[in-house]
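Student: Those protein sequences? They're chains A and B, same order as listed.
Okay, so the first sequence: first residue is 579 according to my numbering, each after it adds one.
Okay, so the second sequence: first residue is 3 according to my numbering, each after it adds one.
Don't read these hints as lab results, they were simulated from the structure.
Built from N, CA and C at the ideal position, the CB exists for glycine as well.
It is possible that some hints are incorrect.
What the hints assert, rightly or not - What the simulated footprint calls covered on chain B by chain A, stretch by stretch (three residues with Cβ under 8 Å from a Cβ of chain A suffice, anywhere in the stretch; the number is not a length):
#1 228 to 242
#2 262 to 270
#3 339 to 351
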Amino acid sequence: MGRYLVRRLLQLVPVFIGTTLMIYLLVWKVPGDPFAGKCGDRGCPDNYRAMMTEKFQLDQPWFVQYATYMKNLLQGDFGTTWSGRDVGEIISTAYPNTLKLALVALIIEGVIGLTAGVLTGLRRNGFLDNLVLVSTLFLIALPVFVVGFVLQWFFGVKLGIVKPTVSNEMRISELLLPGFVLGSASMAYIARVSRTSIAENRRADYVRTAIAKGLPMRRVVGIHLLRNSLIPVVTLLGTDLGALMGGAIITEGIFGINGIGRTVLRAIVTKESATVVSIVVVLVLVYLVMNLLVDLLYAALDPRIRYE
Amino acid sequence: MRVSKRASGAIAMGAAFALIASGCSSGNDDEGGSASSSDGAIVVDGTEPENPLVPANTTETGGGKIIDWLWTGLVEYPNNGGAPQNALAESIETSDSKVYKIKIKQNTKFHDGTVVKAKNFVDAWNWGAYSPNGAQNASFFADIAGFADVNTSDPDGDGPKKAPEPKAKEMSGLKVVDDWNFEVTLAAPTAVFPTKLGYSTFMPLPDAFFSQGAEAFGKKPIGNGPVSFVSWENNVAIKLTRFDDYNLRDKMKIKDVTVKIYQDDTAAYNDLVSNNLDFQQQVPVSSLAGDKWKADLADRAIPSTTPSTGIIAFPIYDKRFQNAKLRKAISLSINRQEITDKIFFGNRKPADSWANPLTPGAKPGNCTACAFDVAQAKTLLTEAGGFTGQMKMYYNADASHKDWMEAVAQQIKTNLGIDAVAVGVPTFAVFRQNINAHKMDGAYRAGWQQDYPDVENWVNPLYVTGGSSNDGLYSNPEVDALAKQASSAPSLEASHELFAKAVEKIDQDVPSMPIYFGGQQSGHSEKIKKMELTNVGELDITSVEL
Numbered sequence: 579m580g581r582y583l584v585r586r587l588l589q590l591v592p593v594f595i596g597t598t599l600m601i602y603l604l605v606w607k608v609p610g611d612p613f614a615g616k617c618g619d620r621g622c623p624d625n626y627r628a629m630m631t632e633k634f635q636l637d638q639p640w641f642v643q644y645a646t647y648m649k650n651l652l653q654g655d656f657g658t659t660w661s662g663r664d665v666g667e668i669i670s671t672a673y674p675n676t677l678k679l680a681l682v683a684l685i686i687e688g689v690i691g692l693t694a695g696v697l698t699g700l701r702r703n704g705f706l707d708n709l710v711l712v713s714t715l716f717l718i719a720l721p722v723f724v725v726g727f728v729l730q731w732f733f734g735v736k737l738g739i740v741k742p743t744v745s746n747e748m749r750i751s752e753l754l755l756p757g758f759v760l761g762s763a764s765m766a767y768i769a770r771v772s773r774t775s776i777a778e779n780r781r782a783d784y785v786r787t788a789i790a791k792g793l794p795m796r797r798v799v800g801i802h803l804l805r806n807s808l809i810p811v812v813t814l815l816g817t818d819l820g821a822l823m824g825g826a827i828i829t830e831g832i833f834g835i836n837g838i839g840r841t842v843l844r845a846i847v848t849k850e851s852a853t854v855v856s857i858v859v860v861l862v863l864v865y866l867v868m869n870l871l872v873d874l875l876y877a878a879l880d881p882r883i884r885y886e
Numbered sequence: 003m004r005v006s007k008r009a010s011g012a013i014a015m016g017a018a019f020a021l022i023a024s025g026c027s028s029g030n031d032d033e034g035g036s037a038s039s040s041d042g043a044i045v046v047d048g049t050e051p052e053n054p055l056v057p058a059n060t061t062e063t064g065g066g067k068i069i070d071w072l073w074t075g076l077v078e079y080p081n082n083g084g085a086p087q088n089a090l091a092e093s094i095e096t097s098d099s100k101v102y103k104i105k106i107k108q109n110t111k112f113h114d115g116t117v118v119k120a121k122n123f124v125d126a127w128n129w130g131a132y133s134p135n136g137a138q139n140a141s142f143f144a145d146i147a148g149f150a151d152v153n154t155s156d157p158d159g160d161g162p163k164k165a166p167e168p169k170a171k172e173m174s175g176l177k178v179v180d181d182w183n184f185e186v187t188l189a190a191p192t193a194v195f196p197t198k199l200g201y202s203t204f205m206p207l208p209d210a211f212f213s214q215g216a217e218a219f220g221k222k223p224i225g226n227g228p229v230s231f232v233s234w235e236n237n238v239a240i241k242l243t244r245f246d247d248y249n250l251r252d253k254m255k256i257k258d259v260t261v262k263i264y265q266d267d268t269a270a271y272n273d274l275v276s277n278n279l280d281f282q283q284q285v286p287v288s289s290l291a292g293d294k295w296k297a298d299l300a301d302r303a304i305p306s307t308t309p310s311t312g313i314i315a316f317p318i319y320d321k322r323f324q325n326a327k328l329r330k331a332i333s334l335s336i337n338r339q340e341i342t343d344k345i346f347f348g349n350r351k352p353a354d355s356w357a358n359p360l361t362p363g364a365k366p367g368n369c370t371a372c373a374f375d376v377a378q379a380k381t382l383l384t385e386a387g388g389f390t391g392q393m394k395m396y397y398n399a400d401a402s403h404k405d406w407m408e409a410v411a412q413q414i415k416t417n418l419g420i421d422a423v424a425v426g427v428p429t430f431a432v433f434r435q436n437i438n439a440h441k442m443d444g445a446y447r448a449g450w451q452q453d454y455p456d457v458e459n460w461v462n463p464l465y466v467t468g469g470s471s472n473d474g475l476y477s478n479p480e481v482d483a484l485a486k487q488a489s490s491a492p493s494l495e496a497s498h499e500l501f502a503k504a505v506e507k508i509d510q511d512v513p514s515m516p517i518y519f520g521g522q523q524s525g526h527s528e529k530i531k532k533m534e535l536t537n538v539g540e541l542d543i544t545s546v547e548l
């Protein structure tokens, strides 16, 4: 187990270097002088462009720029935006917001999706099963921004139950609606995956044995059936946290949340490589760590799985 | 000029439009009431400033609006769009429009408690003009004698050579007389110079600016205006509060202003409709269709006109566009009324003059090429020898220009039979880069919003040889001569007369095509009982009453 962990952690290093290099190159390849569009239709004076280009070393070849960036990064310096703000500061304010939103979404989708999945998996083809089937199909078919705008308009503007946008304090109660919107598609998938998984395992030998042994139904389902059926669901939830954080861009925009999605979008448009790469690097780390956690969870859920 | 990156149809700003919100709602849940107005707080929408908040280095609306609130200049522009009035200046005197003696009011203060003195202006202007500082608005100081010595440019454009180190650090035309007096000598007589002094580039800077450096100062700016800076949380909010020592004009009637930074104007709009946001300068395009915003906001809706014009410019450096008859033919084939009615739902007005008529000195209706006359257009096109090949019309696709540019191209195609096609350039940066490099091979969208209220601002930068925004390289010696004469006229009236003559020449050459005059659609919350817009459509922060 220990050796496995070390090996997995060491794998992070090449992945880390590879992704930063790739992202850096991609941003570098985005056409356009980042300072040409900064002064509106008047156009920027040459002196301004020359000063900024020199300040950010944009006249150097890309590998020199990348090397400088990496050197600073290893010393904990994320660089600055074109407007001179510290990228590290931006990350430290934006990341917790996105993480909070993604966790709320994850909990909502986990609780609702799993409950729906277990109930329908146990009683297939009933009214509830059909209802869940149809409503999940609906959620999967609708793009996130449609769900977002409709729910925001209905609850925020029409009924006025909640504020249409999230305040800067990011209270959990305000995050319920955006969290639901963000997690809605994954929620549908989780309901479906857990339903199938439960339904399949329902016919497994060990379940029949448990029932034959005379165990109460609650114990059969809660301990034996559920634990074994959770593996695909955990995989889905684990990788979903990364996907939710990276994919929160639309939800963040609709509900006015200051997260990494909108920060990175703005940075891509303005060719602010330091911001883009720094945010993506942290995002990649989240992905890698979540994947590792999921793999370790397998062993906890299924005693047959062992890591050497 | 400042250009909104977001709403961006959007030179959409406001103007000359005072609003007295009746605020007479039946008063059922009238929370607060007027008693609490003096310590009231409002939340207004905004975008993240793109540069440190330094007046001479801000050209976009996100930061520009905040700078306008934080500072008060020598003169200020009244909300009704009229002639500028002295603000911080006690008097601005000149006998020849070349040497200006400026006396400032005594004992006004910066937000850090230091007194505003004459040298704060001189130092600030010298900093802005000095080319190694790279200020975006440096060209505004070009009128002052000695500008060429402090501002050098790259001898080979974007080439390998660098701009040489300037000879001097200070402009010879600026002289501090004593604490309250300074003297400005211009390179040539310029009647419009005092009008320019209200533009944000000419604001005074406190000593702290020079000790801290521009970047550090720009994160915590210190101005001399009715509000002072409190905090700036990246991408979240900028907080401002009333400056109690302000004595130049009316103090703010409320206490705190929070500029909430939105990425999405629809999110801001939903907050506005449900009264979580107190002011939105431009409601989203999606709410304009069918006048939805008026239905949503009722008496909280504020329509206004703005001193800005949407333009399509010709690259005169391209051989195919060098015939004035061809350019006029194209301009005459555009049905501007139809564009503003169908695409902008009547929220913008068809352009019929070269300078926006809200600008003092501008003559309405002086663009004969702005008429819709297909017969004349066809004749002119034949006389010009027709147009072969495809005529591209470029716009930046990261803002909402697609619809109207395509409509214009379609009209030209239908009315003249030219193969006109609208082409989107992905980002404004690439679009601007091509325009700066004079690499456009087709007409392109441009926009102009006045920096200061005078017709000079609509002629010199755009249509005079070497003008700061004459991107199409239009050049007519007659226009240059008239504009030069007009700029150095002894009085503004004489100057306006001469500019009118210059515009007549421009009208014959059609170097660009004015298409629409800007309009702005703003809204406020039920909480605000009274407010006005400034001459460029920003919220006048001192007018707000709750």
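Student: Check each numbered hint from earlier against the structure, then list the numbers of those it violates in ascending order.
Tutor: 3
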